[in-house]
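Going down the list, the protein sequences come from chains H and L. According to this note's numbering, the residues represented by the first sequence are 1384 to 1938, in order. According to this note's numbering, the residues represented by the second sequence are -14 to 436, in order.
FYI, nobody ran anything at the bench for these hints, they're computed from the structure. Among the hints, a few may not be true.
What the hints assert, rightly or not - List of simulated lysine to aspartate or glutamate pairs, EDC-like, C-alpha gap at most 20 Å:
1. L/K51 <-> H/E1635
2. L/K381 <-> H/E1622
3. H/K1593 <-> H/E1635
4. L/K51 <-> H/D1629
5. L/K125 <-> H/D1674
6. L/K381 <-> H/E1563
7. L/K381 <-> H/E1624
8. L/K380 <-> H/D1629
9. L/K367 <-> L/E19
10. L/K125 <-> H/E1850
11. H/K1514 <-> L/E281
12. H/K1897 <-> L/E228
13. H/K1485 <-> H/D1823
14. L/K125 <-> H/D1667
15. L/K380 <-> H/E1624
16. L/K381 <-> H/D1629
17. L/K125 <-> H/D1474
18. L/K278 <-> L/D64
19. L/K125 <-> H/E1660
20. L/K380 <-> H/E1622
21. L/K125 <-> H/D1823
22. L/K250 <-> L/E281
23. L/K380 <-> H/D1674
24. L/K125 <-> H/E1563
25. L/K419 <-> H/D1667
26. L/K125 <-> H/E1622
Claimed, not checked - Simulated restraints on C-beta separations:
27. H/T1731 <-> L/T74: 53 to 61 Å
28. L/E19 <-> H/G1816: 52 to 60 Å
29. H/R1517 <-> L/E19: 55 to 63 Å
30. L/P426 <-> H/K1508: 41 to 49 Å
31. L/G386 <-> H/Q1524: 45 to 53 Å
32. L/K88 <-> H/R1639: 51 to 59 Å
33. H/F1787 <-> L/T305: 40 to 48 Å
34. L/P426 <-> H/T1711: 29 to 37 Å
As the list claims (entries may be wrong) - Covered stretches of chain L, as calculated for chain H (at least 3 residues, CB under 8 Å):
35. 79 to 90
36. 175 to 187
37. 308 to 317
Where a beta carbon is used, it is the ideal one built from N, C-alpha and C, also for glycine.
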Amino acid sequence: MPNPTRKFYACLTLVLAMMVLSSAATAQATRPPDRGSGDGYDEGPELTIRERATHALNRMAFGARPGQVERVMEMGIENWMRQQLDPESIDDVYVDEYLAEKTPTLSMTNGELYREFRPPYTPYKNNPPTKAEREKRREEQQKRNRMEAQVEKQLRDSVLHRAVYSQRQFQEVIVAFWREHFSIDQQKGEVGLLANNWEEEVIRKYAFGKFEHLLMSSARHPAMLVYLDNIVSQKPLTESEQRMVDRFEDRENVPRSVRALRRQRGLNENYARELMELHTLGVDREYRQRDVTELSRVFTGWTARWTGNGQRQQGDYTFYFNENVHDTRNKLVLGSQLRGGGEDQGITVIRALAKHKYTADFIARKLCAYLLRDTPSEKLVKEIAGVFRKTKGDLPKVYEAIVFSDEFFYRQNHRVKFKTPFEYVVSALRATGAEVESYDRVDRALELMGQPTYRCPDPTGWYDQKEAWLDPGVLVYRWTFALDLAGNRISGVRVPDALLANLPVKELKEKMQKTVLPAGLNDRTSRIIDEELGRRPNAEQMLATMLGSPDFQQQ
Amino acid sequence: MSPTRRQFLAGSSAFMGAAALGLSPAALAQALREQGHPPTLVTIYLRGGADPLNAICPAGDPDYYKVRPTIAIPAKSDDANNPAVIPMTNLFGMHPAMKPLHKLYQDNRMAAIMNTGSTHPTRSHFDAQDFMERAAPGIKSVTEGWLNRYLTATQSNADRTLRAISLQPTLPRSLRGQYPVLAVPTGGADAAMNAFERMYSCDSNAEANQKNGLTMKEDSKPSDGDVPRVSGGAAVAPVERPEDDLNEYIAEKGEESIEKLRHLKGIVRGQGGGKYPNSRLARQLSDIAKVIKAGEGLEIAAIDYGGWDHHAYQGGNVGTMANMLTTLSEAIRAFHDDLGNHMDKTLVLVMSEFGRTVYENGNNGTDHGRGGFMMAVGGMVKGGNVYGKWTGLDKKNLVAGRDLPVHVDFRVVFAEALFSLFGFHADKEDFFPKYKSEDRPVGYLTPIANA
Chain H
1384 MPNPTRKFYA
1394 CLTLVLAMMV
1404 LSSAATAQAT
1414 RPPDRGSGDG
1424 YDEGPELTIR
1434 ERATHALNRM
1444 AFGARPGQVE
1454 RVMEMGIENW
1464 MRQQLDPESI
1474 DDVYVDEYLA
1484 EKTPTLSMTN
1494 GELYREFRPP
1504 YTPYKNNPPT
1514 KAEREKRREE
1524 QQKRNRMEAQ
1534 VEKQLRDSVL
1544 HRAVYSQRQF
1554 QEVIVAFWRE
1564 HFSIDQQKGE
1574 VGLLANNWEE
1584 EVIRKYAFGK
1594 FEHLLMSSAR
1604 HPAMLVYLDN
1614 IVSQKPLTES
1624 EQRMVDRFED
1634 RENVPRSVRA
1644 LRRQRGLNEN
1654 YARELMELHT
1664 LGVDREYRQR
1674 DVTELSRVFT
1684 GWTARWTGNG
1694 QRQQGDYTFY
1704 FNENVHDTRN
1714 KLVLGSQLRG
1724 GGEDQGITVI
1734 RALAKHKYTA
1744 DFIARKLCAY
1754 LLRDTPSEKL
1764 VKEIAGVFRK
1774 TKGDLPKVYE
1784 AIVFSDEFFY
1794 RQNHRVKFKT
1804 PFEYVVSALR
1814 ATGAEVESYD
1824 RVDRALELMG
1834 QPTYRCPDPT
1844 GWYDQKEAWL
1854 DPGVLVYRWT
1864 FALDLAGNRI
1874 SGVRVPDALL
1884 ANLPVKELKE
1894 KMQKTVLPAG
1904 LNDRTSRIID
1914 EELGRRPNAE
1924 QMLATMLGSP
1934 DFQQQ
Chain L
-14 MSPTRRQFLA
-4 GSSAFMGAAA
6 LGLSPAALAQ
16 ALREQGHPPT
26 LVTIYLRGGA
36 DPLNAICPAG
46 DPDYYKVRPT
56 IAIPAKSDDA
66 NNPAVIPMTN
76 LFGMHPAMKP
86 LHKLYQDNRM
96 AAIMNTGSTH
106 PTRSHFDAQD
116 FMERAAPGIK
126 SVTEGWLNRY
136 LTATQSNADR
146 TLRAISLQPT
156 LPRSLRGQYP
166 VLAVPTGGAD
176 AAMNAFERMY
186 SCDSNAEANQ
196 KNGLTMKEDS
206 KPSDGDVPRV
216 SGGAAVAPVE
226 RPEDDLNEYI
236 AEKGEESIEK
246 LRHLKGIVRG
256 QGGGKYPNSR
266 LARQLSDIAK
276 VIKAGEGLEI
286 AAIDYGGWDH
296 HAYQGGNVGT
306 MANMLTTLSE
316 AIRAFHDDLG
326 NHMDKTLVLV
336 MSEFGRTVYE
346 NGNNGTDHGR
356 GGFMMAVGGM
366 VKGGNVYGKW
376 TGLDKKNLVA
386 GRDLPVHVDF
396 RVVFAEALFS
406 LFGFHADKED
416 FFPKYKSEDR
426 PVGYLTPIAN
436 A
């Protein structure tokens, strides 16, 4: 456990001491003596069928919708899991309708998005521009900003809507993983316009394909090229070119060739570094700063432009290999000599990185941490990395190997993950069967909780481990959300009346628990609910209490 | 010695002791800590890369007007609608929008440091901010903020609830890490805390577990006969389960949240604040001032002020950046005046991730650069001075012919702040990863023990 406070240790030690006292006799007899890390053994007790169904829904979905645990048990947990592994086989009409009606920008090309939402400015006629001209420019800029905000909002709405309502829940869980793995930020420059197409054409298109294709398409999409600055990365000046630039520094008449050199901005290592650190090998694995620099030279000229004579009236804004700024000198990347230059050089490197053994390790570990627990067993990581290598990064096979591994239903993976704000909010909307008219307030809640969708300021993406989220203060937002949701005080969101119907207290508690926390309540939570709500049955309060309990923060 | 300082010394026995007994800076900080009135470092982070040259303007350098034909601030002006810089040194003048700080500069309580920044050349916001807030340029494996590391390195059992705060929804990276720091939610939290207080009370949790544990030892029936245990129909024996550990841990965090937040709210809810302008930054500083004045042991506060990425329409003596400088300066001045004597041991340190291009671009703005600036306000500041090494705006002295070079590593500025306020030796403690400073301190602060 990462650095809990001392006070917590004191508290925990007491609890553990009591538990050991009470359970030592029975527990040790049934456990292998060398369990320690839990590798390869279920720490038990074995999950009940109901717990298994809930666990599957917590890992392969954003939690259960009302009655869904029963439905999954009925159809067979394994059958449900197999179905989820093949999203195409599941009908998703409700989501399709929503997307067509509410978020049409998701299916647009970058070219269409630019044409519709980023109209050109009226050019200045005077130099310097007149006050009226500046004023007009300012108005045009504000209008652009408003339109772009709409595009950005549609993307975020679609993300939330799909996570809450899609029947293809495992697809959404996996898409959320890759969205963070290849994180981009709507707030950076033109990424706000490019992210919608990115979500569809990169993340969704390849999340159930080959890792290599996912990586390749991410490398070539304008959103990533802009986000990690590769679009402005150009071959550095040679020494003689630099001398030429210096020679003309104070001259009046500068030859065009020298002016072109002056404009050259030089290498930008941003993408090359993150490609290795965050997208493939993992931090400080095998590569050094020299490799970063050399690799960034490989990717010089990987940029984007308008197809069809660069005219914005038609065509699309897509990948373009700009030979003129590409560095054609030899490079040395991860010990391999790369002779000359060319677009293929970058493609070759990406393919090599996609199948690198460290990439297999890195992706396997990250997926196991995401789908099982924050610190997965080494045995499983090794096994999954093996599947990744053997199948050449065939992602559905990797997912399948994880969720059908022996360890998936081990007790030590059950409800041991702390929900991220996104997982918390989405699972609460699902558990209550809420109807959502507008996601504005939900989006805002996520912002308050510190996880605004598609706006992670770091290229790392939002972390899903508990140490990133379990800060003092954070829970207060969740409690507020729980109270507001149960009280129907979130505008645009409505919890169905049926859930809020008052019943005798025992029935109410049981019904609510079955809906919201279908694997059961922690003993203490249960006791406190009885003490707090045992006398005055109140459905709203009961719901809020369960949604805000420690139990509902777990999955 | 200024009258305010004399008054402060008279009012603080520890300070008197320090002066009389020659307490070391660390011993003084500890003595003040025990009184609940430790020195306080307040960082204000200008996110986006604030432009140094239009804040602390080199108006005495003719090149300044060459590189910024439209957005430079005039050196002199008779026109009130076209205000000039307010002179600081022969070379520098502050932006006219920073007028509220000028009095502090004259009183030697405010200083600027030029050409500050990172040894890492990145011009990417997130890298530069990460590296700076973790004070570990180029080292991505370091994930804890420098302020959090300071808190951890100096923590004790006597630490106050509000030893460090950040009055915004999520912690700035400088405060992220193992030391628990409260990020404060805005409004409406009372109902939530009241509703969940019992649920998140660790004592009652331990008690409950103890009860269950003991009961289990005797027989395996649930302890409370008349309360049905609901576990989804299946009876799960309450033996050691990993999920219960996490449940406990969450409960503990919740309890901590309530404790800290209640405490904080109790303080900031009260009246007695100074006069502040109407801005989010001012409200944050006003709350911080209340915590300091209440003697709650506040040592570190970090707040963000975003929106300094002025690629376009930055403006000159009026306009976007001017308005933001006004907001910043008014808030700091109000904070200074509100704190009175407390300001003798309170340092406000203003910083940003990098500077901006020396040349203005085609959109009346500036792009990401390297060398930036910092500002310090407080009683221990050797004010009335612009620090740092100025090497001019001549192209050959710029990085890549376009950016101010970095002459002052931000770690040197940080180290001096930690030493002056808390007697903390950042070098000795190996506090900055993979870093051995060869640089001399900037000398912008007097250790408060020597005051």
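Now for the hints, and whether the structure bears them out:
The hinted pair formed by L/K51 and H/E1635 meets the criterion: a straight-line CA distance of about 15 Å does not exceed 20 Å. Only pairs whose Cα atoms come within 20 Å are accepted, and L/K381 paired with H/E1622 is accepted, the gap being roughly 16 Å. Taken as a hint, the H/K1593 and H/E1635 pair is broken in the structure, with Cα atoms around 55 Å apart against an allowance of 20 Å. Between L/K51 and H/D1629 the alpha-carbon distance is near 19 Å, which keeps this suggested pair within the 20 Å criterion.
For a cut-off of 20 Å, the pair hint linking L/K125 to H/D1674 stands: about 16 Å separates their Cα positions. Between L/K381 and H/E1563, the direct Cα distance comes to roughly 42 Å. Violation of the 20 Å bound is thereby established for this hinted pair. Proximity of L/K381 to H/E1624 is assessed by CA-CA distance (about 16 Å); at most 20 Å being required, the pair is judged to hold. The hinted pair formed by L/K380 and H/D1629 meets the criterion: a straight-line CA distance of about 10 Å does not exceed 20 Å.
Proposed proximity of L/K367 and L/E19 is contradicted: the alpha carbons are some 27 Å apart, above 20 Å. Restraint check: the Cα-Cα separation between L/K125 and H/E1850 comes to about 17 Å, which is no more than 20 Å; the hinted pair holds. Simply put, H/K1514 and L/E281 have alpha-carbon atoms about 52 Å apart, too far for the 20 Å limit, and the pair is violated. The straight-line distance between the Cα atoms of H/K1897 and L/E228 is roughly 18 Å, inside the 20 Å bound, and the hint therefore holds.
Using a Cα cut-off of 20 Å, the hinted pair H/K1485 and H/D1823 holds, with the two alpha carbons roughly 13 Å apart. A C-alpha spacing of about 9 Å is found between L/K125 and H/D1667, which places the hinted pair at or below 20 Å, so the restraint holds. As the CA atoms of L/K380 and H/E1624 are separated by approximately 17 Å, the hinted pair is consistent with the 20 Å bound. Between L/K381 and H/D1629, the direct Cα distance comes to roughly 9 Å. Compliance with the 20 Å bound is thereby established for this hinted pair.
Among the hinted pairs, L/K125 with H/D1474 is inconsistent with the structure: their alpha-carbon atoms are about 43 Å apart, more than 20 Å. Only pairs whose Cα atoms come within 20 Å are accepted, and L/K278 paired with L/D64 is rejected, the gap being roughly 42 Å. Annotation: proposed proximity of L/K125 to H/E1660 holds, straight-line Cα distance about 9 Å (limit 20 Å). Annotation: proposed proximity of L/K380 to H/E1622 holds, straight-line Cα distance about 18 Å (limit 20 Å).
Proposed proximity of L/K125 and H/D1823 is contradicted: the alpha carbons are some 34 Å apart, above 20 Å. Taking the CA atoms of L/K250 and L/E281, the gap is near 12 Å; set against the 20 Å cutoff, the hint holds. With a C-alpha separation of about 30 Å, the suggested pair L/K380 and H/D1674 falls outside the 20 Å cut-off, and the hint is violated. A hinted pair counts as satisfied when its Cα atoms are at most 20 Å apart, and L/K125 with H/E1563 qualifies at roughly 18 Å.
For the suggested pair L/K419 and H/D1667, the alpha carbons sit about 15 Å apart, so the restraint of at most 20 Å is met. Of the supplied pair hints, the one linking L/K125 and H/E1622 is violated, its CA atoms being roughly 31 Å apart against a limit of 20 Å. For H/T1731 and L/T74, the hinted distance range of 53 to 61 Å is satisfied, since their beta carbons lie about 56 Å from each other. Taken as a hint, the range 52 to 60 Å holds for the pair L/E19 and H/G1816, whose Cβ atoms sit roughly 55 Å apart.
Judged by the Cβ atoms, the range 55 to 63 Å given for H/R1517 and L/E19 holds: they are separated by roughly 58 Å. In this structure the hint that L/P426 and H/K1508 lie 41 to 49 Å apart at CB is violated, the actual value being about 54 Å. About 30 Å separates the C-beta atoms of L/G386 and H/Q1524, a value inconsistent with the hinted range of 45 to 53 Å. The beta-carbon spacing between L/K88 and H/R1639, approximately 53 Å, falls within the hinted interval of 51 to 59 Å.
The given range of 40 to 48 Å is broken by H/F1787 and L/T305, whose C-beta atoms sit roughly 57 Å from each other. Evaluation of the 29 to 37 Å hint for L/P426 and H/T1711 yields a failure: the beta carbon distance comes to about 47 Å. Here's how the segment 79 to 90 of chain L fares: 0 of its residues keep a CB closer than 8 Å to some CB of chain H, so the rule of at least three is not met and the hint is violated. With a threshold of 8 Å between beta carbons, the proposed coverage of the segment 175 to 187 of chain L by chain H holds, since 9 of its residues qualify and at least three are required.
Only when three residues or more bring their CB closer than 8 Å to a CB of chain H does the claim for the segment 308 to 317 of chain L stand; here the count is 0, and the claim is violated.
Of the numbered hints given earlier, the model fails hints 3, 6, 9, 11, 17, 18, 21, 23, 26, 30, 31, 33, 34, 35 and 37; all others are met.
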